[in-house]
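Spelled out, the chains give:
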Amino acid sequence: MSAQAPVPAKSSHAQRALRLVLPVIVFAAGLLAWELVVRIREIPPYVLPAPSIIVLTLIKDWAVLSQSLATTLATTLEGFVAASIGGIALALLFNQSKWVEYSLFPYAIVLQVTPVIAIAPLLLIYLEQQTAVVVCAFIVAFFPVLSNTTLGLNSVDRNLAGLFQLYGASKPQTLRFLKLPAALPYILGGLRIAGGLSLIGAVVAEIAAGTAGAGSGLAYRIAESGYRLNIPRMFAALLLLSLAGIVIYGVLALVSHLVLRRWHESALGKEN
Amino acid sequence: MVERNPSPAVEASLTALAVSLRGVTKVYDNGVMALGPFDLAVRKGEFISLLGPSGCGKSTVLRLIAELSAPSSGTVRVARHEGVPQPGHGIGFVFQEPTLMPWANVRENVRLPLKLGGVPKAEGRARADAALASVGLADFADSFPRELSGGMKMRVSLARALVTDPDILLMDEPFAALDEITRFRLNNDLLALWRSLRKTVIFVTHSVFESVYLSQRVVVMTARPGRIQADIRIETVEPRGEEFRTSAAYSDYCRRVSAALAPSYSEQSTL
Numbered sequence: 004m005s006a007q008a009p010v011p012a013k014s015s016h017a018q019r020a021l022r023l024v025l026p027v028i029v030f031a032a033g034l035l036a037w038e039l040v041v042r043i044r045e046i047p048p049y050v051l052p053a054p055s056i057i058v059l060t061l062i063k064d065w066a067v068l069s070q071s072l073a074t075t076l077a078t079t080l081e082g083f084v085a086a087s088i089g090g091i092a093l094a095l096l097f098n099q100s101k102w103v104e105y106s107l108f109p110y111a112i113v114l115q116v117t118p119v120i121a122i123a124p125l126l127l128i129y130l131e132q133q134t135a136v137v138v139c140a141f142i143v144a145f146f147p148v149l150s151n152t153t154l155g156l157n158s159v160d161r162n163l164a165g166l167f168q169l170y171g172a173s174k175p176q177t178l179r180f181l182k183l184p185a186a187l188p189y190i191l192g193g194l195r196i197a198g199g200l201s202l203i204g205a206v207v208a209e210i211a212a213g214t215a216g217a218g219s220g221l222a223y224r225i226a227e228s229g230y231r232l233n234i235p236r237m238f239a240a241l242l243l244l245s246l247a248g249i250v251i252y253g254v255l256a257l258v259s260h261l262v263l264r265r266w267h268e269s270a271l272g273k274e275n
Numbered sequence: 002m003v004e005r006n007p008s009p010a011v012e013a014s015l016t017a018l019a020v021s022l023r024g025v026t027k028v029y030d031n032g033v034m035a036l037g038p039f040d041l042a043v044r045k046g047e048f049i050s051l052l053g054p055s056g057c058g059k060s061t062v063l064r065l066i067a068e069l070s071a072p073s074s075g076t077v078r079v080a081r082h083e084g085v086p087q088p089g090h091g092i093g094f095v096f097q098e099p100t101l102m103p104w105a106n107v108r109e110n111v112r113l114p115l116k117l118g119g120v121p122k123a124e125g126r127a128r129a130d131a132a133l134a135s136v137g138l139a140d141f142a143d144s145f146p147r148e149l150s151g152g153m154k155m156r157v158s159l160a161r162a163l164v165t166d167p168d169i170l171l172m173d174e175p176f177a178a179l180d181e182i183t184r185f186r187l188n189n190d191l192l193a194l195w196r197s198l199r200k201t202v203i204f205v206t207h208s209v210f211e212s213v214y215l216s217q218r219v220v221v222m223t224a225r226p227g228r229i230q231a232d233i234r235i236e237t238v239e240p241r242g243e244e245f246r247t248s249a250a251y252s253d254y255c256r257r258v259s260a261a262l263a264p265s266y267s268e269q270s271t272l
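These protein sequences, in sequence, are chains A and B. If you count by our numbering, then the first sequence holds residues 4 to 275, one letter each, in order. If you count by our numbering, then the second sequence holds residues 2 to 272, one letter each, in order.
If you are wondering where the hints come from, they were derived from the structure by calculation, not from laboratory data. Treat the hints with care, since some could be wrong.
In silico DSS-like cross-links for lysine-lysine, where the CA-CA straight-line distance does not exceed 27 angstroms [said to hold, decoys possible]:
#: 1; chain 1: A; residue 1: 63; chain 2: A; residue 2: 174
#: 2; chain 1: B; residue 1: 122; chain 2: A; residue 2: 174
#: 3; chain 1: B; residue 1: 116; chain 2: A; residue 2: 174
Treat the numbers as computed from the prediction; the structure is a model and nothing was measured.
Build out the structure end to end from the sequences listed, making use of the hints.
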């Protein structure tokens with residue numbers, strides 16, 4: 004599921020250190036080059052702001068930006084929770100009844116393949132703005148949870164299922180003691196994807212809603228700053244969005260690791 | 002220890018039978034006839050092996066006895082468990098793979114049949130620990146399956162089958178994936194368990210040597226659709242031990258069983 008290259012046992016510490024240090028060096032070098040180019044060629048900030056100015060703007064505008072960050076994160080969280088609950092619940096329903104799955108699954112796919120940026124303006128007409136934004140985040144994030152959970156519930160070892168049958172397990176027992184634990188790694192993988200996607204959904208909806216007014220999320224700030232040619236603030240807002248995405252992914256990856264570390268291959272150390 | 006020389010009368014009486022299959026066939030959904038017509042009678046306390054080429058329906062026989070699958074025709078009768086009703090209705094099943102739940106520790110894996118049958122937690126744990134002790138894994142109750150070797154996982158699987166105190170133990174090539182030395186050890190342990198617990202054991206294998214070493218009767222099956230090719234009684238001094246493995250009688254029996262098996266694999270066109 005997660006594409007991690009196997010680390011050779013020998014000199015693995017040095018390798019791991021390199022894997023941490025190298026991107027940092029690249030990042031620092033890039034920033035330095037950027038800063039130098041801007042200063043030497045005297046590029047004005049409304050064309051390309053230097054990293055130092057972006058950081059200063061981030062500090063100066065923190066009051067506005069932090070407010071926007073909170074708004075976007077709240078939207079993302081609501082969309083994520085709705086997608087998680089909805090996706091898992093629907094997958095469970097599918098698993099209990101083939102007829103429900105056959106009837107509804109095509110529509111889940113339609114929802115998935117229709118670009119959310121095209122749905123957002125419609126939703127903004129029919130729903131209140133805040134609701135519409137959350138629904139967008141939900142639509143984008145919901146499918147990976149649904150499909151991963153469905154896959155997980157169907158990946159139960161055939162012999163284990165036979166064992167449960169032999170010992171007369173009831174449907175709820177089979178679900179609780181066999182299917183859900185077996186599906187857990189898949190569900191967590193789906194949630195990890197959904198976390199990042201709900202942020203994307205929230206951002207897309209905010210941008211679509213931008214001209215409609217009242218929005219105050221980070222994506223709205225980016226659009227607004229663009230209209231005002233406040234390019235440093237655009238970059239600062241973008242930086243915050245990117246950091247938010249990284250943190251969301253990191254938290255979900257950590258949760259997944261903590262839940263699975265006792266037993267699942269994906270969470271095992273190299274000694275195995 | 003183990004009663005010998007069954008009279009034909011005993012053999013015929015249904016009450017002494019643990020399992021009987023009459024004219025059983027099994028046709029898969031795709032129309033392939035996997036088994037039969039197949040007749041088999043297993044006495045209570047008997048250790049029999051089903052031996053045959055891949056795809057001859059050996060595993061199907063076990064699945065039919067365990068009611069994991071229904072026969073297309075014929076009857077499958079299993080003696081009712083006497084005494085307190087147990088989860089699994091007196092049948093324990095050991096698969097070729099250990100088939101353990103990776104998310105649960107060894108004790109919880111062994112306790113599973115009791116948990117599903119509604120046995121209280123404390124009692125279930127005590128019985129799981131006892132079953133683990135009987136297969137020599139008392140110290141590993143808190144380990145997770147991935148921390149165990151292949152042979153140990155198989156022992157856990159055996160403990161789980163024994164935890165319900167079944168009358169009949171169905172084993173589907175349980176040691177096939179193990180190295181030979183581990184397999185020899187587990188063979189001896191299984192024989193010791195069988196002598197002390199006096200279960201009926203139906204053991205599916207594709208190893209001539211294993212079937213001769215372990216069982217009182219080797220039932221050799223034909224290629225698909227599986228029928229009985231030969232039913233060979235293995236008689237030797239009980240209890241068996243390593244000296245049987247090196248005896249002349251043992252190699253004699255191996256020769257006889259191999260000879261009975263030969264037509265099944267020479268007539269097999271696909272493999």
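If you draw a straight line from the CA of residue 116(B) to the CA of residue 174(A), is it 27 angstroms or shorter?
14 angstroms, holds
Restraint status (C-alpha distance of residue 122(B) to residue 174(A) at most 27 angstroms)
With a Cα-Cα distance of about 20 angstroms, the restraint between residue 122(B) and residue 174(A) holds, given a limit of 27 angstroms.
For the pair supplied as a hint, residue 63(A) and residue 174(A), confirm whether the alpha-carbon distance does not exceed 27 angstroms.
Answer violated: residue 63(A) to residue 174(A) is near 59 angstroms, above 27 angstroms.
The structure shown violates just one earlier hint, number 1.
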